[in-house]
Amino acid sequence: MTGTIIENLSGRKLAVLVTFLLLCQITCFLIGGLIAPTPANTQNILGTVCKDANKVKNDTSKWYYNRGKGSCEIIDLDDMHHDLSETDIVFAFQMPVPRQNQILDFSRWQQNLIGVLQMDIRYHSQMEVRPRSEVTIDARLAYRNKGDPEDSWQLYTQSIEKRHLDCEIEIKTEKYLYNCSAIPLFELGSLFHDFYLLNVRLPVDTPEMNSNIGHIQDMWLTVINQNGGFTKVWVSLKTAFFPCIIAILAWFWRRIYILERKPVLLERMLLSLGIALCVLNMPLEYFTLHFDLPFMLLLGDIRQGIFYAMLFSFWLVFAGEHMLIQNNPTQSSLKQYWKHLSAVAIGCISLFIFDMCERGVQLRNPFYSIWVTDIGTNLALTFIILAGISTGVYFLFLCYMIWQVFINISHKRQSLPTMCSVRRLHYEGIIYRFKFLMLATLLCAALTVIGFILGQVAEGQWKWDENIELEYTSAFFTGVYGMWNIYIFALLILYAPSHKHWPVAENTSDTQNLSEEIEFSRISGERTSSEISSLTSFIRKTTID
Amino acid sequence: MKCLWFLVLTVLCLRCEAAGKPRRGRGSMWWGIAKAGEPNNLSPLSPGILSMDQAVHATLRRKQRRLARENPGVLAAVAKGANMAVAECQHQFKHRRWNCSTRNFLRGKNLFGKIVDRGCRETAFIYAITSAGVTHAVSRACAEGSIESCTCDYSHVERAPHRTRAAAAANVRVWKWGGCSDNIGFGFHFSREFVDTGERGKTLREKMNLHNNEAGRAVLSIPNNHISLCTRLEALVLGNRKIFTVSTPHVIYLPSLNDECPYSMIYDVATCGDDRPTSSRFVTICLIHVQSEMRQECKCHGMSGSCTVKTCWMRLPSFRSVGDALKDRFDGASRVMVPNTDLEAPAQRNDAVPHRVPRRDRYRFQLRPHNPDHKSPGTKDLVYLESSPGFCEKNPRLGIPGTHGRACNDTSIGVDGCDLMCCGRGYRTETMFVVERCNCTFHWCCEVKCKVCRTEKVVHTCL
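Chains as they are written, first to last, in our numbering: chain A, 1 to 545; chain B, 1 to 463.
SDA-like, lysine to any residue: derived pairs with alpha carbons at most 25 Å apart:
1. B/Lys310 x A/Glu168
2. B/Lys299 x A/Met296
3. A/Lys175 x B/Asn439
4. A/Lys146 x B/Gly178
5. B/Lys310 x A/Leu284
6. B/Lys299 x A/Tyr481
7. B/Lys310 x A/Phe452
8. B/Lys94 x A/Gln217
9. B/Lys449 x A/Pro131
10. B/Lys299 x A/Phe192
11. B/Lys451 x A/Asn212
12. B/Lys299 x A/Ile183
13. B/Lys299 x A/Ser133
14. A/Lys172 x B/Met294
15. A/Lys146 x B/Ala166
16. B/Lys457 x A/Glu174
17. A/Lys172 x B/Asn439
18. A/Lys69 x B/Asn171
19. A/Lys232 x B/Val309
20. A/Lys238 x A/Leu298
21. A/Lys172 x B/Ala407
22. A/Lys232 x A/Ile306
23. A/Lys172 x B/Ser321
24. B/Lys310 x A/His164
25. B/Lys310 x A/Leu34
Read the hints as simulated data drawn from the structure, not as lab findings.
Values in this document were obtained by computation on a predicted structure and should not be read as measured data.
Take the sequences, apply the hints, and build the full model.
Here it is, written out as structure tokens:
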């Protein structure tokens, strides 16, 4: 009969393989830490207050900006112009801002753009900002490309949005500023053009509109974009991993194909996990360099979601397949796990719906946010809590199953001494390796969680030495990404069916052992088609005994 | 050889010029730029835009003029910063005997008057607030994009401006690879270049000015996230407010405890040297080294908007909070004196070419407290050399107008109270009817509706 590779691999070969994978892991971490810059870059842009000289106020072909030909007339909000009305005031944000006497432009490698608005509101005793007052923003986004004339801004998108303004102040004295929370304004899934321009107006169409927002002194826009260097490193990693996973999958599939039996559940799960990793590793980012693909953020979420769903399902099935003793020994199928897997499914589907409501709608209107309306907030929270609950239920299931497996193993271990020495050693080896893999999974999960927490506590750069600067955040991302890739590579390799057969001829010295051997072979031989590893066969055999 | 002669001559000339004007506030004439924008000083050719006109030109030193030329738009920012500083100073001191009055801008005179000639607390504050004002205004201008020469990331770039094509290409590469976001960094370094020009750090007074300029900028410094494992930090034991120095290897970082303490850590007292803060073994301490007025904001943008990816940035504080912080430092300013090691410095004066203090070493000096029992001043403390003159009486020699005619508060026992403000000369009480705007309602953006109220007001003025 055949087992999996992990059972037939000698300790030395296993050690070599594990060392090699660990080296790959360290390389991934160091690539992120030493080569890549921080994942994202922020630019704080102070809004220029422009005077809207146009008679027609809804003209979207007229744009206001403070640099370049056709720049606007700048007004100072500090000295109150009483001849101005709110329709005359435009806050203009031209991005990116110039540096070192050079006009910088966005590169398509910078992938996406997120805008956060911050208002500096001055305290006036007669004009206090009420808590949770609403601000109505007329936001218009334009773009321009290199080589275009400096005044040929094209409308990208426009929207009138409502946002909540959360402001508080400690010292209520004139000229002190409120401490207002940042307002998420827009998210662009693709950074296709070279220059962007945001024009913000605060309209007063009805008497209540924008009436409780106080005296706005300044408006700041913080734009966050992924760093080009980080994208390059990330895409290179993907490009390196993608052929690897394809090759390993092909090899794995060939191994199963030549077995002359149908693949068992665990093998099918492994195969789908590999395919999910393929989908995740596909370097689709290359397309964004030539095409405007605003759905990349959403697609990235979906790809990651599929991968996590497959990984979680695999762990369940993996634990379950090593526990099936009482159940009927027929071909196990996914149906047996429907209770456990429904937790994964519910979690994923609710997160997917949430994502579609947020990032899906943002494809049509980048200024949209589900969090601004009360219904939207409740809806979003419902889905997120649902996802959280199903994750909790899932982990309870998983822990229970793993606990059962370990109980099983320790129980069957007691019957080990009655077996012949060679077989006992062999089974002990299998149990050890099973536990080893369990340990690897736990280690990966623990490292991910610890790395994440460390990143939250001390974000930014870590300096180990005066000369070596480690970009920790990037190192964490590449490290974790590499780790799960390597983990799945290892799973596919170690759990592929082995060519090797049981060393029956080697232990014929003891007749008693031989008889047991034959008996075992007969019993396990009955179910060759349904068993993946001889560990399960061992567990089942002893149950029958 | 010719060049060398020219150099020597120039340097000698500079020395003559310096020797000819024994004014102490030689690095502070640029303050006059605050008033240069006013109608009587502005050339009619360029309304609204500050150009290198004669009035501005006169206030700036040669290096400052070069900096203004190399960074178009920076002069407007400096003028704005100086104005902000003056307004803030007058706000912070409006209830004190010295009320930060400025004189009408006259050529060759200092904006704040002769008080600057004395190395007192008030002078320390003026230096700090103007330095902070320039940093703040230049950072703002960078964020707005009105200064195009702001640097990408100052730490990686040499000070000298690169105008070569290769450097420009490298610049774009830096932006596309790792981004640029360093508004405050440029403001900080520009302020050092511009404000500290006249202070070479040789005399004690120059050291005082340099120290106070640095202290002003330190309020705006970015909290230091790059804590190296070997850095020694100033720390504060929470609770008993004792300041001591620790080194980092034996600490565990904790997140922010409260707003006052952005970075804290558990410190194992057993590992520290002779400077033990308390008797207990582990204490929670606050790293004041990393404290500043800067506020951090964050945004999560990971998978589905979760916090797996979080980006944070620093927000420029309002200048009012900068002024508040500096006023606190003013109240706790330390008096310093000449350290013994610096007494040999005049020996170098006999050299033919004056010894220039290297740029980076200019800031490396330690001032000694006047009272040996006190702690040496930290980088963020204001320092002064001599006690303040009395501001009660008019003193033309020091340019002090006196407190005659100042309004005071008869119920207060503080410095704004009539007893202290009028220096015991007594005060006059008048009841006046004031017509003022009241019950105002504001509407975005520009509409202010007020009622006119006639109120009775009791006004006390010092005799």
